[in-house]
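So the sequences go chain by chain: A and B. Quick note on numbering: our numbering labels position 191 of the first sequence as 191, and the sequence is numbered without any gaps. Quick note on numbering: our numbering labels position 58 of the second sequence as 58, and the sequence is numbered without any gaps.
These are computed hints drawn from the structure, not numbers from a lab. Glycine included, each C-beta is placed from N, C-alpha and C at the ideal position. There may be inaccurate statements among the hints.
Said to hold, decoys possible - The list that follows gives simulated cross-link-like pairs (lysine-lysine, DSBU-like), each with its CA atoms no further than 30 Å apart:
1. B/Lys215 with A/Lys176
2. B/Lys174 with A/Lys203
3. A/Lys84 with A/Lys176
4. A/Lys176 with A/Lys72
5. A/Lys72 with A/Lys84
Unchecked claim - Label-pair restraints from in silico Cβ distances:
6. A/Asp5 with B/Pro178: 32 to 42 Å
7. A/Glu213 with B/Val103: 55 to 65 Å
8. A/Ala53 with B/Asp213: 42 to 52 Å
9. A/Glu136 with B/Gln131: 47 to 57 Å
10. B/Leu151 with A/Glu67: 40 to 50 Å
11. B/Gly150 with A/Leu214: 36 to 46 Å
12. B/Glu77 with A/Phe153: 44 to 54 Å
13. B/Asp213 with A/Glu136: 14 to 24 Å
14. A/Gly100 with B/Gly31: 42 to 52 Å
15. B/Gln74 with A/Glu136: 53 to 63 Å
Said to hold, decoys possible - Footprint (simulated), chain A over chain B, 3 or more residues, beta carbon under 8 Å:
16. 169-179
17. 225-236
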Amino acid sequence: MGDLDGRVALVTGGSRGIGRGICLRLAEDGADIAINYHSNADAAREVAEEVRALGRRAEIFQADVAEEEDCKRLAQESLAAFGKVDILVNNAGIGATAVGRPHVAEAEPEAFYRLMAAHAFGPFYLCQALVPQMREQPRGDVVMVSSVAAQNFGATGGTYSAAKTAMEALAHTLAKEERQHNIHVNVVAPGLVETDMGLALVKFTRGVESMRELDQGQPFGRVGQPADIAAAVAFFCSPRSSYITNQRLTVSGG
Amino acid sequence: MAIDLTGRSAFVTGGSRGIGRAIALGLAEAGADVAVNYTRNSDAADATCEEIRALGRRAQAYQGDVSDFASCQQMVEAALADFGNFSILVNNGGIASRGNTVVDTDPAEMRRVVTTHAMGSYHMSRLLVPQMREQPRGDVVMISSVAAQGLNGRGGPYNMGKSAQEAVAYTLAKEERPHGIHVNVVAPGLVNTDMGRRLARATRGVEDIHELDDKSPFGRVCAPEDIADAVVFLCSEDAAYITGQRITVNGGGF
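Using the sequences plus the hints, can you model the full thing?
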């Protein structure tokens with residue numbers, strides 16, 4: 001018996017990194033998983049195999065969450081395959097490093113649009129598409145995977161921080177609007193995590209080649225892992241948090 | 001994923017009734033042995049200990065006033081002799097303030113309330129944290145209140161006590177992280193306890209707190225077990241990379 005038996009989760013950006021960790025953890029806890037990926041179908045297929053090895057259903061769905069039409073299609077395809085989606089994890093994102101970590105004054109508008117679309121608009125489209133059917137379920141959960149960037153607002157991260165902040169505003173608004181339907185909306189904010197995106201970040205900001213060079217200086221002597229973030233997401237979706245909504249939990253080792 | 005605290009011992013202040021009792025039972029259900037502190041009601045403390053033993057865990061009640069350092073010393077000395085060590089401390093013991101404005105509050109009341117919440121948490125942390133450093137992991141959880149974020153009128157002493165208690169928590173989190181000690185805050189709103197029922201009578205004029213269910217988040221007043229669930233999570237492996245954080249358990253607020 002898992003905490004999430006009988007539930008269906010759609011995880012955006014579920015093929016790699018934190019998203020992969022979330023897919024595996026929710027599956028361990030009993031949920032079937034709709035795995036969204038953007039470009040790496042092979043990685044998504046591998047995650048699906050890992051989920052199935054845990055005895056859960058898994059399907060993969062290509063979509064660019066920055067695109068409204070893609071989000072609508074992703075929601076429809078997920079619902080057609082699973083019958084419902086009662087957990088939505090908005091995890092997909094793009095690091096500021098992908099747009100060269102510009103200062104705000106120097107950022108190309110296109111870079112800003114791109115990050116805003118992926119982090120804030122995509123979750124908005126998906127919530128619009130999936131929350132109405134969630135109201136018919138005994139319980140619904142939306143978890144936004146944000147970032148400590150939305151509390152630190154570091155220089156050269158403006159494109160990313162602004163997008164994550166807009167995403168959190170969406171979460172806290174939706175939480176109040178949908179509570180009467182027993183839909184819980186919460187935010188998990190990771191710090192540095194050992195993923196491709198995290199590695200690109202520290203190569204840029206700290207000039208290191210491997211995360212292992214950083215372990216010693218990190219909280220609790222290690223860089224955060226996708227499983228650490230996934231555990232917080234699983235907590236928010238579990239019966240343990242049945243009276244918790246509209247909250248934000250930072251998972252950064254303090 | 002089932003939470004397993006087997007082999008750990010917890011000290012819960014104010015553990016005989018209300019939220020503290022639920023936390024003591026929640027930790028015991030997860031496998032921990034529990035020392036239950038109480039101030040006056042030894043029958044209630046004994047009853048809670050019996051319930052813990054019925055779960056197959058060790059339990060012992062200790063009388064003591066957390067606002068008095070000498071009393072804490074005696075209590076901790078006795079409890080360490082019985083349990084050997086404590087790797088979990090839950091600073092839950094507290095008292096309500098009388099609902100006067102700051103200007104009309106008796107300074108003695110202010111000192112009593114602040115001393116219980118802030119100094120009590122400090123006393124117990126000072127006594128138990130050093131031996132926690134020798135354990136594989138330590139956890140200190142402070143039970144604060146939404147009062148520390150609402151800071152409403154007529155709550156001066158309580159607001160001051162809880163805010164100072166949280167300041168102890170966030171400072172301690174940074175100081176003890178190198179020793180693998182996690183320090184977090186759980187902030188309940190209105191909960192169905194003796195204190196909560198008195199508050200509901202005083203501020204909303206209801207004789208039965210369940211008259212508030214319909215207007216409450218998720219259609220019910222918060223139960224002590226909701227708070228215990230958050231505490232147990234924070235002490236678990238699932239929260240291994242979480243420290244210095246605050247979880248509000250109030251159903252998203254009124």
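Tested hints:
1. B/Lys215 with A/Lys176: holds (14 Å)
2. B/Lys174 with A/Lys203: Holds, at about 26 Å.
3. A/Lys84 with A/Lys176: holds (22 Å)
4. A/Lys176 with A/Lys72: holds (24 Å)
5. A/Lys72 with A/Lys84: holds (14 Å)
6. A/Asp5 with B/Pro178: 32 to 42 Å: Holds, since A/Asp5 and B/Pro178 (Cβ atoms, about 39 Å apart) stay within the stated range.
7. A/Glu213 with B/Val103: 55 to 65 Å: holds (57 Å)
8. A/Ala53 with B/Asp213: 42 to 52 Å: holds (44 Å)
9. A/Glu136 with B/Gln131: 47 to 57 Å: holds (52 Å)
10. B/Leu151 with A/Glu67: 40 to 50 Å: holds (44 Å)
11. B/Gly150 with A/Leu214: 36 to 46 Å: The hint (36 to 46 Å, Cβ to Cβ) holds, given that B/Gly150 and A/Leu214 are roughly 39 Å apart.
12. B/Glu77 with A/Phe153: 44 to 54 Å: Once the Cβ atoms are compared, 47 Å apart, the range 44 to 54 Å for A/Phe153 and B/Glu77 holds.
13. B/Asp213 with A/Glu136: 14 to 24 Å: holds (23 Å)
14. A/Gly100 with B/Gly31: 42 to 52 Å: Holds - the Cβ-Cβ distance for A/Gly100 and B/Gly31, about 50 Å, lies within 42 to 52 Å.
15. B/Gln74 with A/Glu136: 53 to 63 Å: Holds, at about 57 Å.
16. 169-179: As far as the region 169-179 of chain B goes, the hint holds, because 3 residues have Cβ atoms under 8 Å from chain A.
17. 225-236: holds (count 5)
When held up to the earlier numbered hints, the structure conflicts with none and fits them all.
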